[in-house]
Amino acid sequence: DAMVIQNPRYQVTQFGKPVTLSCSQTLNHNVMYWYQQKSSQAPKLLFHYYDKDFNNEADTPDNFQSRRPNTSFCFLDIRSPGLGDAAMYLCATSRTTQGRTEAFFGQGTRLTVV
Amino acid sequence: AQSVTQLGSHVSVSEGALVLLRCNYSSSVPPYLFWYVQYPNQGLQLLLKYTSAATLVKGINGFEAEFKKSETSFHLTKPSAHMRDAAEYFCAVSDPPGGGNKLTFGTGTQLKVEL
Numbered sequence: 001d002a003m004v005i006q007n008p009r010y011q012v013t014q015f016g017k018p019v020t021l022s023c024s025q026t027l028n029h030n031v032m033y034w035y036q037q038k039s040s041q042a043p044k045l046l047f048h049y050y051d052k053d054f055n056n057e058a059d060t061p062d063n064f065q066s067r068r069p070n071t072s073f074c075f076l077d078i079r080s081p082g083l084g085d086a087a088m089y090l091c092a093t094s095r096t097t098q099g100r101t102e103a104f105f106g107q108g109t110r111l112t113v114v
Numbered sequence: 001a002q003s004v005t006q007l008g009s010h011v012s013v014s015e016g017a018l019v020l021l022r023c024n025y026s027s028s029v030p031p032y033l034f035w036y037v038q039y040p041n042q043g044l045q046l047l048l049k050y051t052s053a054a055t056l057v058k059g060i061n062g063f064e065a066e067f068k069k070s071e072t073s074f075h076l077t078k079p080s081a082h083m084r085d086a087a088e089y090f091c092a093v094s095d096p097p098g099g100g101n102k103l104t105f106g107t108g109t110q111l112k113v114e115l
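The listed protein sequences derive, respectively, from chains P and E. FYI, our numbering numbers position 66 of the first sequence as 66, with every residue one higher than the one before it. FYI, our numbering numbers position 19 of the second sequence as 19, with every residue one higher than the one before it.
The hints are simulated quantities; they were obtained by calculation from the structure and are not laboratory data. Source: prediction; values computed, not measured. Just so you know, nobody snuck in bad clues.
A short list of chain P residues far from chain E (calculated; beta carbon distances all over 12 angstroms):
#: 1; residue: T13
#: 2; residue: F15
#: 3; residue: G16
#: 4; residue: N28
#: 5; residue: P61
#: 6; residue: N63
#: 7; residue: Q65
#: 8; residue: R68
#: 9; residue: P69
#: 10; residue: N70
#: 11; residue: S72
#: 12; residue: D77
#: 13; residue: G82
#: 14; residue: D85
#: 15; residue: A86
Going by beta-carbon spacing under 10 angstroms, a handful of chain E positions derived as facing chain P:
#: 16; residue: Q6
#: 17; residue: S9
#: 18; residue: Y36
#: 19; residue: Q42
#: 20; residue: G43
#: 21; residue: Q45
#: 22; residue: L46
#: 23; residue: K49
#: 24; residue: T51
#: 25; residue: E88
#: 26; residue: F90
#: 27; residue: N101
#: 28; residue: L103
#: 29; residue: T107
#: 30; residue: G108
Where is the CB? At the ideal position from N, CA and C, for every residue including glycine.
Can you build the whole structure from these sequences, using the hints too?
Here it is as structure tokens:
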């Protein structure tokens, strides 16, 4: 029944070693988001896709990239993870970009950088 | 820019007692407001949403929230707390139409339920 699926749930990577986090959805939603949530903090939007249209937040570091090869899948690439990138990464989807539609979240991937 | 403020980063109640989690918003246009719950090491689950229809919104797990424009508030309540309600709760506001439906979250309130 899971509608937004993130893999893996836990990821350990080495300092500076590229890492990719995955998200898939069975909802056929147009919009997909990546949020970063550091310990005891609110989720912070990194970027979102409306269909294939990529929208980066102004303060998202260049170290973070994303790909959306099709409607169902979206990837978060961290080119050179630093210790400060350790966080929970949350993928979410919504049907439209209209504010009244809620976002559906995956279970998250907890990233540890060693 | 739209924002929400959650008063009280930690709230502790006894099982069976009233739960009240506070959220105030700032918005130049009629807001769309949401409450999400997050259990440890889990994603966020929608509890309820306000989208300019009824001001009293009922959600899942017995929670409800009332939109009060005069107070710019959207507080979350539950008449009787259960142990399973222990979690972190986030209030959020979304962009106006055309803004991408991006959510801006409050800093969260950790709810502890004691026997």
